[in-house]
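Participant: Sequence:
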Amino acid sequence: MARNEHPVVAELGRPETAAETATRKAQASADHRRRQTVNNLIYSLLATLGLVVVIVLMVPRAQPDATPDIDYAKIAAQGAGVEPDPLLTPHLSKSWTSNSAELRQQTQDQVDEWYIGLITPSKQYIGLTQGFDANATWLADQVANTHSVSTTEIDGITWSIYDNRDSSRDVGDAQYALSTKQGKSTVVLYGTASNAEFQTLAKSVSSQLNKDAKGH
1 MARNEHPVVA ELGRPETAAE TATRKAQASA DHRRRQTVNN LIYSLLATLG
51 LVVVIVLMVP RAQPDATPDI DYAKIAAQGA GVEPDPLLTP HLSKSWTSNS
101 AELRQQTQDQ VDEWYIGLIT PSKQYIGLTQ GFDANATWLA DQVANTHSVS
151 TTEIDGITWS IYDNRDSSRD VGDAQYALST KQGKSTVVLY GTASNAEFQT
201 LAKSVSSQLN KDAKGH
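Position 55 (the sequence shown) corresponds to 55 in UniProt numbering; numbering is contiguous.
One thing to keep in mind: the hints can contain errors.
As the list claims (entries may be wrong) - No farther apart than 25 angstroms at their CA atoms in a straight line, the calculated lysine-lysine pairs in the DSS-like style are these:
1) 203 / 74
2) 214 / 184
3) 123 / 203
4) 184 / 94
5) 184 / 211
6) 203 / 214
Everything labelled a hint here was simulated from the structure, so no lab data went into it.
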């Protein structure tokens, strides 16, 4: 018996014709090409992604700039003699840094002020402002219009305490503050640091205030 060159197709229940065979093979070839195209696209995307990852890993990443340490004593020296009292330059350990220092003249409250922004050892903030011939409005602005709750004496200098840490008001950076008036200067320390760090700064400032008072 001659061998049947056209296999019986289950769906047809008979041998497929030459035309049907050609159509089936053409469809299979087209399906194969589509699969190859999709596979090639996937491989290409994976290769591109891998190349991007390699490039990202190879490109050196810029390290964020460290917080600048401003030499506030040098800036204060440039303004020496401009104001009625010497500009305060607290002596602190190297674990303290400054991110800003400037002499601001004729502020909104018509008060000249010397400002130092300090970063404490625990990475908290304390601002030091020294207002010259300051008025009550200027002081109120420094402490977010809050009221003193008590006083403390540090190296013979009496400081008013403003503790706003539990306040429901938005007091900005004035979560805690100390203020004192000596000579022509009203000094305010305010920020987010601990009591101990405020004490450290206030002690250094008090020492300079006492020294400046003796020099007058």
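Participant: Each hint should be assessed against the structure and marked as holding or not.
Facilitator: These are the hints, each one checked on the structure:
1. 203 / 74: Distance ~21 angstroms between residue 203 and residue 74 Cα, so the pair holds.
2. 214 / 184: Given pair residue 214, residue 184 holds - Cα atoms ~14 angstroms apart, limit 25 angstroms.
3. 123 / 203: holds, 19 angstroms
4. 184 / 94: violated, 30 angstroms
5. 184 / 211: holds, 15 angstroms
6. 203 / 214: holds, 17 angstroms
Hint compliance for this structure: hint 4 is the single one not met.
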